[in-house]
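Protein chains in written order, with my numbering: chain L, 1 to 350; chain R, 1 to 535; chain A, 1 to 551; chain C, 1 to 297.
If you are wondering where the hints come from, they were derived from the structure by calculation, not from laboratory data.
Here the structure is a predicted model, which is why all the values come from computation and not from measurement.
Glycine included, C-beta positions come from ideal geometry on N, C-alpha and C.
Be careful, since some hints might not be right.
[Unchecked claim] Straight-line C-alpha distance at most 25 Å; calculated PhoX-like pairs for lysine-lysine: (1) K423(R) / K375(R); (2) K368(R) / K457(R); (3) K394(A) / K205(C); (4) K205(C) / K352(A).
[Claimed, not checked] Here are a few chain C residues that sit away from chain A, every Cβ distance over 10 Å (derived from the structure): (5) E60; (6) S65; (7) A67; (8) I103; (9) D127; (10) S131; (11) L175; (12) V263.
[Stated by the list, open to error] Simulated restraints, written as ranges between beta carbons of each label pair: (13) G137(A) / Y132(L): 32 to 38 Å; (14) L129(C) / V300(A): 34 to 40 Å; (15) N178(R) / R59(C): 55 to 61 Å; (16) P158(C) / I117(L): 39 to 45 Å; (17) E160(R) / L221(C): 57 to 63 Å; (18) S135(L) / R36(A): 28 to 34 Å; (19) P158(C) / A181(L): 54 to 60 Å; (20) D81(L) / S131(C): 30 to 36 Å; (21) S135(L) / F51(C): 38 to 44 Å.
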Amino acid sequence: MRLNSVAKTVLQRLGLGLITLFIVSIIIFSAVAMLPGDFAKATLGQSATPETVAALQHEIGLDRPPVERYFSWVGKMLKGDFGSSFASRTGYRRTVAEIIAPRLYNTIFLAVMTALIAVPLALGLGIVAALYRNSWFDRVVNTVTLTTISFPEFFIAYMLAFLIISRDTFAGTEFAQSLPAWLAISINWTLNVVPKFPTLANINDETPFWDHVWRAALPSITLTLVIVAHMMRMTRAAILNMLSSPYIDMARLKGMGPMVVVVRHALPNAWAPIVTVVAFNLAYLIVGVVIVEVVFVYPGVGQLMVDAVRSRDVPVVQACALVFAAAYILLNLIADIISIATNPRLLHPR
Amino acid sequence: MSESGYKLRIAQSLIGRGKVSRRDFIHLGLAAGLTVAASDQIFVTVARAQPQQGGFAKLGMAHGATTDSIDPAGYPDTFTQTAFSGAMSNGLTEVNAKGEIQPDLAESFESSNAAKTWVFKLRKGVTFHNGKTVTAEDVVTSMRYHMGGDTKSAAKSLLESVSDIKADGPETVVFTLNSGNADFPYIMSDYHFVIMPSVDGKADWASGSRTGAFVLENFQPGVSAKLKRNPNFFKNGRPYLDEVEFIAITDLAARMAALSTGEVDYIGRADLKTLGMLKRNPKIEIIEVTGYGHYTLPMNVTMAPFDNPDVRMAMKWAINRQEIADKIFLGHATVANDNPIAPAIKFYKNPVPQHRFDPEKARHYLKKAGMEKLKVDLSVADAAFAGAVDAAALIRETAAQCGIEVNVIREAEDAYWDNIWLKKPWCASYWSGRATADWMFTQAFAAESSWNESFWKNPRFNELLVQARAETDEAKRAAMYGEMQQLTHDDGGSIVLVFNNFVSAKSKKLGHGDIAPNWENDGLKMAERWWIAQA
Amino acid sequence: MKSSNVIARERGTDLLTVRDLHVEGFSDERWHPIVRGVNVSLKRGEVLGLIGESGAGKSTIGLAAMGYAKPGCRITQGSVVFDGADLLSMSEARRRRLRGSRIAYVAQSAAAWFNPAHRLLDQTVETAVAHGIASRGEANRDAVELYKRLQLPEPETIGFRYPHQVSGGQLQRAMTAMAMVCRPDLIVFDEPTTALDVTTQVEVLASIRRIVEDFNTAAIYVTHDLAVVAQMADRIMVLRHGQTVEEAVTRQMLAAPTQEYTRTLWAVRKLVKPEIEARDHLLTIDNVTAAYAGRVKVLVDVSIKVPRGRTVALVGESGSGKSTLARVVTGLLPAISGSISFDGQPLPLSLKQRPKDLLRRIQMIYQSPDSALNPRQTVEDIIARPLEFYLGLKGEQRDRRIGELMHMIEMDESFLDRLPGELSGGQKQRICIARAVAANPDLIICDEVTSALDQIVQEEILKLLMRLQRELGVSYIFITHDISTVRAIADKVVVMHQGKVVEQGSKTEVLTTPHAAYTELLLSSVPEMDPDWLTQLLARRKNRGILDAAG
Amino acid sequence: MTSAEPLIQTTRAHRVRRTRRSRMRMALKNAPLSAWFGMGVILCYVVIALFAPLIAPYRETQVFSEAFAPWSHEFTFGTDQLGRDMLTRLIYGARNTIGIAFITTTFSFAAGMTLGLLAAMYRGWLDQLLSRAVDVLMSIPSLIFALMLLSIFGSSIPSLILIIALLDSTRVFRLARAVGLNVVVMEYVEVAQLRGEGPVWMLRKEILPNVLPPLIAEFGLRFCFVFLTIAALSFLGVGIQPPSADWGSMVRENATLITYGDVTPLLPAGAIALLTVAVNFVVDWFLHSTSGLRDEK
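My request is simple: use the sequences and hints to build the entire structure.
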C-alpha cells in the first residue's frame with residue numbers, strides 16, 4: 001500500500017519527465033533551426049560556394065523542411081535510434097550513440113569523482129561549521145567558500161594551472177628573487193608538495209582507470225571548489241535550522257554530546273534539503289561543466305554539445321540536450337525519492 | 001687539420017644519424033684537444049641540429065572539433081590539416097622551406113601550350129598504407145573528388161579552371177586548363193589535394209589509407225589523433241619520429257600551460273600576451289615565421305560611401321597599422337601596405353607610398369571626396385581573426401582624429417562568414433594567403449571571383465591578371481604583377497592591415513630544419529620533417 | 001545508587017537547591033532578564049508546582065534546574081545544587097552524565113520534542129544505553145514495562161512506531177516513559193498536558209501521578225493551569241516577571257493565598273454570564289454535510305440555529321469538526337449538502353458567490369492573533385482596510401472611526417503605527433477584534449480566540465467581547481474546548497463529537513443536566529481546584545468503568 | 001478593563017513614533033561589523049559606478065601608446081592590451097557591470113516573483129503550467145542555451161540582459177513559489193480572502209511584503225552571479241559589445257596572464273569577489289535580522 005503510493009509518485013514523475021524531454025527536444029530543435037547558418041555553411045566556412053553548400057545540404061537532408069526533419073527524427077528516436085551525426089558521409093557513418101557514449105562515460109566519471117570528493121567535504125565542513133557556528137572556523141570557511149564561488153570557473157582553473165607551472169618556474173622568477181631566501185625556499189618547497197597534476201586531461205578510451213583518475217584530478221578539484229560552497233552553506237543552514245527544533249533541546253537534555261546531537265538527531269531530519277542541493281550540484285556537474293572541459297581539454301559531453309551547436313550538427317545537439325535533460329530529471333527524481341525515504345512521515349503514513 | 005680534427009668532423013656528421021654515442025664523441029674531442037665540456041657542448045648542439053631517428057612527440061594543435069573527419073573535402077583548420085594532410089598524406093607537389101615549389105608524389109612536372117597543359121610524372125613504386133601501389137588512376141579520382149556539380153569539397157573553386165584530367169599510362173597524369181596558369185603546380189600543393197586510393201572509380205578517403213609518413217592509429221574527433229611511422233615511406237630516412245600524437249587544445253591558456261608543464265612538446269598559435277613570460281622558461285623555444293596570411297578590412301566599393309575612391313583613400317590613411325601590429329599582435333606581425341602579396345612571395349613589389357596613419361592626408365582625401373565628416377559602420381567579430389574586435393576599437397580612436405566616426409558593431413562569431421562577410425559594407429576578414437601572386441589575386445581580387453570581398457572590378461587589373469597568368473617571361477610577369485600590386489594599393493577596396501607571423505612554441509627537445517612559410521606548423525609537414533634531439 | 005538515595009531521603013536532605021538564579025535571554029540584539037533571583041528547594045520524592053503567566057520564567061527555571069539554558073539564553077548568576085554538586089560550575093561532560101540519567105525532562109508538546117526521524121523505542125532507551133545504565137536488550141524490556149505502567153495501548157509494539165503515527169496523549173506518556181527509563185531522581189514536567197484535550201488530559205495526569213508516586217521521584221511541575229497543579233503538586237510556587245510571588249503547601253495556597261496577584265489568578269475562574277433567551281435567529285444551519293477534497297466527511301448532517309444578538313458556544317475536542325463548521329459558515333469550505341440561511345435569506349454556500357455586503361456582515365476572529373495579523377502592516381493599515389473596503393470611508397471620517405474603534409477595544413491611538421510584532425498577545429487579539437468590528441458585522445465567528453492567551457488576558461478579552469455584544473447587538477459563534485469559557489460567555493451550547501452534534505440547548509440545560517454520555521465525560525474531565533478532584537474522579541470512573549472505555 | 005488601563009499609560013509614556021525610517025535606523029545601529037563592512041563596500045561601488053566619469057583619470061576608451069604598461073604613477077594599475085588605462089577601465093567597468101547586473105536581476109525578479117507568487121496563490125492549472133514550463137527550462141543546460149539564444153538574437157546588451165534574466169527567473173520562480181506557499185496558508189491571507197479582496201491587493205499587500213526577505217537575499221546572490229554568467233559567456237565567445245568595459249569580459253581577456261602569475265586579471269576578478277562577499281555579508285545580516293531564515297540564533 002505504502003510502496004504503491006511511492007511507486008505511483010515515481011511513475012507519475014517519470015511520465016512528466018518524458019513529456020519534459022519531448023518539449024526540450026522541440027525547443028532545442030527550433031533553436032538550432034533559428035541559428036544563423038546550417039551545418040553545410042558552418043563546415044565550409046569562408047571557402048563555401050553556393051554549389052558545394054547545396055550539395056552538402058542535399059546529402060545530409062538539410063534541404064527538407066524543418067518540420068519534416070523533426071518528425072523523422074522523432075520517429076527514429078521512438079525506435080531507439082539517435083541517428084547519425086551530420087559529419088557522417090557515404091560509407092563513413094558516425095552514429096550519435098557512438099559519438100556520445102564515450103564522452104558520456106567521461107562526463108559521468110568526472111562527475112562521480114568530483115562528487116566523491118565534494119559531497120563528503122561539503123557535508124563535513126557544513127556540519128562542523130554548524131556545530132561551531134560563529135567561531136573563527138565557521139567564519140573562515142564561510143568567507144573562503146564565498147570567495148571561491150565568486151570567481152569564474154575558468155579563472156580558478158587557470159590559477160590551479162599556475163600553481164602547477166610554478167612548481168618548476170617559481171625559483172627563477174624575479175618575484176622569488178626579490179623575496180628573502182628562506183621565504184622563497186619555503187614557498188618553493190610548499191609548491192613542490194603539491195603533486196604535479198597534469199594540466200591536460202585529454203584521456204581517451206584506452207586510458208587505464210587510475211591514469212584516468214590522475215588526469216581528471218585538476219578538473220575535479222576545480223569543480224569541487226566551485227560546488228562545495230553551495231552545498232556546504234546549505235548543509236550548515238539546514239542543520240542550524242534543525243538545531244533550533246525542540247527535539248534537539250530534548251537530545252541535549254538527555255545528556256547527548258554535541259556530535260551525537262548533530263549526527264544522530266539533526267542530520268537525519270536535514271536530509272531532504274541537503275539531498276536536494278546535492279542533486280542540484282550533481283546535475284550541474286553533468287550539465288554545466290563545459291568551461292572546465294574546455295580549459296583542461298577533457299572530452300566530455302558539454303564540450304561536444306558546444307561544438308555541435310557551433311557546427312549546427314543537429315542530431316548531436318539534440319542527443320546531448322536530451323542526455324542533459326534526462327540527467328537533470330533523474331537526479332531530481334532520485335533526490336525526491338531519497339527525501340521520501342528519509343522522512344518517516346512520508347514513508348510510513350499513519 | 002689534424003687527423004683527430006678530421007675524425008671529429010666525420011663523427012659530427014655521424015651524430016645526426018645516431019651512429020656515434022656521446023661517450024665516443026667526447027673521446028674523439030679529447031683526442032682533438034678539446035675539453036670534455038667543450039666536446040660535450042659540440043655534441044649537444046650538433047645532435048640537436050641533426051635529425052635523429054626514433055621518439056614520440058606530442059603536438060598541441062590550436063584547433064579541433066568533434067565534427068572533424070579525415071575527409072579531404074573538409075580539413076577546416078590546423079588540426080586536420082597538419083594531422084591528416086601533412087602527416088598522413090601527400091599531394092603531387094609541396095612547398096619547401098624557401099617557399100619554392102617542388103615535386104612530392106610527382107617526380108617531375110612540366111607545362112606546355114602556354115601553361116594550359118600540365119603533365120605530372122609520378123614517382124615509381126610508391127605504395128599506400130594498405131600496400132597498393134599509387135597509379136595515375138588514383139591521382140585522377142582523387143582530383144575528381146574535388147570537382148563536379150555534386151562535390152562537397154571546400155577546394156572546389158581551386159580546380160574550376162581545370163577542364164580535363166586524364167591518366168596517360170600508370171605513371172603520368174595530364175591536366176588541361178581553360179586558360180594558361182604558370183603557377184598551377186603551386187595549386188597542386190594545397191592541403192586538400194591529397195592522393196587517395198581509387199576503389200571502384202571513387203576516391204576512398206574513409207579507409208585512411210594514404211601515402212604519407214605516418215599511418216593513422218587512433219582518431220578521436222575533437223580530442224586527439226595518434227599516428228605511427230610508415231615504414232614504407234617513399235622519402236629516404238623520413239620520418240624521424242616513431243610516433244606522433246596530435247592533441248586538440250583550443251583554449252589558449254590551456255595550450256600554454258600544457259607546454260609549460262611538458263604535457264606536450266609543441267603548441268601551434270602561442271598566446272602572444274604571455275609569450276614574454278613563456279620565453280623565460282629555459283626549456284622552451286619560440287618559433288616565429290612570417291607567413292602569407294593577412295588581415296583585411298574589405299570595403300564594398302559598390303556601396304556608398306566606399307564607391308568613392310577618395311573615401312577609400314581617406315580610410316587607408318586613417319588607420320594606424322603600426323599600432324595594430326604592436327598592440328593586437330604584440331609585434332608578431334608585419335605592417336602591410338594595402339597589398340595582399342606577402343614579401344616572401346615571388347613577384348612581390350612594395351607599392352608606394354607606404355600607407356600609414358596620417359590625419360592630414362586622410363582629411364585631405366575626405367575633403368577631396370567633398371566631405372567634412374564621415375560616419376561608417378564597421379562589422380567585426382573575432383571569428384574573422386583573433387583581435388579583430390580590439391583592432392576595431394583602435395581604428396575607432398584613430399579615425400576619430402581624422403573626422404571619421406567609426407561605429408564598431410560586434411557581430412556574432414557563429415556564421416560570421418555566412419552572414420557578415422561579403423554582406424556588410426565594411427567588415428573584417430582574414431586570408432591565410434596563397435603561395436603565388438596569381439592565386440591570391442584570382443581568388444580575392446578578380447572581377448568574377450565569388451570571393452572578391454570588396455566587389456572591386458578594375459578593368460586594367462583584370463586584364464593584367466589574365467595576361468600575367470599565361471606569360472612565361474619572368475621579367476614581363478614581374479612588371480605586370482608590380483603594376484597590379486600598385487593598383488590594389490591605390491584603388492582597391494581592401495585595407496590590408498598586417499601580415500601575420502606564425503608564432504608557435506616548442507620544447508627544446510624537438511629538433512627541426514628551416515621552417516616553411518606557406519602554412520602553419522612547418523607548412524603542415526612538421527610530423528614528417530621534425531625529430532627528437534637525443535640530448 | 002538506588003540504595004544511597006533511600007538513605008539520603010530518610011535523612012530528609014534537599015535533592016535540589018536553587019539559589020538566587022538569574023537568567024537572561026537575547027532578543028532585539030540585547031540581553032533581557034527572564035529570571036531575577038529565584039530560590040527553589042526540593043526534597044526527594046517531593047513535587048513542586050511552578051505556576052504563572054507566560055513570560056513569568058517558569059519554564060526557564062525548570063530547565064535551569066537541569067543546568068540548561070536554551071539557545072539564546074544564559075544563566076548569569078546563582079547556583080543549582082543537585083545532590084550536593086553545583087550543576088552550573090561543573091564540567092559540561094559531568095553535567096551531561098547527570099542529564100537524562102538522574103534528571104529528566106518532559107516537555108509540553110511531545111509532538112515537537114520527539115525526533116520525527118527515529119522510532120519511539122529507540123528514543124525511549126537512548127539515554128539508558130548512552131549512559132551505560134542498561135544494555136540495549138534490558139532497556140528495551142524496561143521500556144515495554146514502562147509503556148504498560150503508563151497504560152499505553154499495545155505496549156509491546158507501540159515502540160516500533162514513529163512519533164507521527166501516535167496520538168498526542170500517547171506521545172506525552174511515551175515521553176514520560178523516556179524520562180523514567182533511567183529512574184531519575186528528578187523529573188521536570190513542563191506543561192505536559194497543556195496541548196491535550198481535557199478528556200485525554202485526565203488520563204495523562206493520572207498516569208504521570210501514578211508513576212511518580214511508584215518510583216518516588218521528585219518532580220518540578222510547570223504549568224499555568226491552577227486546577228492541574230492542584231492535583232499534582234505537594235507545594236506550589238507562584239511566579240511573575242521572573243520573580244517568586246509566594247510559595248506554600250498546595251492546600252494552604254489554594255485556600256488562603258496571601259498575595260494580591262495570586263488572588264487575581266484565582267479569581268479568573270469565577271466569571272459567569274447570565275443566560276438570556278433568544279428572540280429570533282440570525283443564522284440557521286440545516287443538515288449541512290462537508291468534506292475536504294476527496295476525503296472523508298468531517299461534518300455530518302449538522303443543524304444549528306444561532307439566535308440574534310446572542311452567543312452560541314461550539315464545544316468539542318480537537319477533530320470534532322467545530323473549526324470546519326466555521327469554514328462552512330464563512331464559505332471557505334462550501335458544504336456538499338444542506339443549506340444555510342442568514343437573516344432570513346438563503347446564504348450562498350461558496351465565498352465567491354457572496355456579494356461584498358454579505359461578506360461584511362459575517363466576520364471571523366482566529367485563535368492565534370500572530371498568524372491572523374499581517375506582520376508587515378501597521379495597526380492602522382489593518383483596522384482601516386475594512387473601513388475603506390466595505391464602507392468606503394476616507395480621510396477624516398476614516399480617521400475618526402479608527403479612533404472610535406481603538407477606544408472601543410480600550411487601546412490608545414499611539415498603537416496605530418506599530419507593527420503586530422511589537423504588541424503583546426492580548427493587544428494583538430484586541431486588534432483582531434477591532435478589525436472584525438470595523439466592518440459593522442451582524443455575526444462574528446470566534447475560533448478559540450482566548451486559548452492562546454494567559455488567563456488574566458483571557459478574561460479581559462472575554463469581557464471586551466461581551467461588552468461589544470451588549471453595545472452592538474452582534475451575534476457570536478464561539479468555538480472553544482474550554483468549559484469555563486463556555487460558562488463565561490455562552491447563551492446556548494452546542495456539543496460536537498466526531499463531526500456530529502451530540503447535544504445542543506441552553507447553557508444551563510447542557511452544563512447542569514447533560515443528556516449525552518459524551519457531554520458528561522467532557523464535563524467531568526474539566527479539572528477543578530480541589531486537590532482531591534482527580535483522586536475522586538478516578539475512583540468514580542473506576543466504579544463505572546468509564547476510564548477503560550475512553551482509554 | 002481595569003488591568004488594561006495602566007498598560008496603556010505606560011506605553012504612552014514611552015511612546016516613540018515608530019516610522020519605517022526609525023525602524024531602519026534601529027536595525028542599522030545593531031548591525032554587526034561584517035554587515036557594516038559589506039554596506040561600506042557596496043556604497044563605494046555604487047558611488048564609483050555613479051560618478052565614474054568624475055573619478056576615472058582618463059576616458060573609457062582612451063588609448064595610450066604603451067600596451068601592458070607596468071604599474072606607475074601615470075597608470076595606477078598599468079594599461080591593458082590596447083594601452084587603455086586599467087584603473088579607468090575598472091571604474092567604468094563598475095558602472096557597466098553593476099548596471100547590467102542590476103537591470104538583469106531586476107527583470108528576472110519582476111518576472112519570476114510575479115509568476116511564482118501567482119502560482120502559489122492560485123495553485124491549480126496555472127501553477128501546473130508554470131511549474132512544468134520552469135521544469136523544462138531548467139532541464140536545458142542554461143549556459144549552452146544562453147549561447148544559442150545569443151547567437152540567434154545577437155549579443156547586444158539588451159538581448160544579453162533579457163536572456164540571462166529569462167534563464168535566471170526560473171530559479172526565482174521556484175523560490176518565490178515555495179516561499180509564497182508558506183505565506184498563502186497564513187490566516188491573515190484567509191482574512192483578506194474572506195473580506196473579498198481582489199488578486200492585486202492580495203499579491204501586493206498581503207503576500208509580497210511577507211515573502212520579500214528571502215527574495216531580497218536571493219536578489220543579492222543572483223546579482224553577483226550575473227557577473228559570473230557574463231564572464232562564462234564571454235569565455236564561450238559571446239559577451240558585451242566593445243569598447244565598453246565590463247569586469248566579466250575583462251577577467252576573460254586577461255585570464256591567460258594568471259597562468260604566469262601576472263596579477264592583472266586578479267583586479268577585475270577581485271572586484272567581483274569583493275562585491276560578492278560584501279553582498280553576502282549584508283544578505284546574511286538582513287536575513288538574520290528579519291529572521292526570514294533561522295540561520296543563527
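Are there hints from earlier that the structure breaks, and if so, what are their numbers?
none
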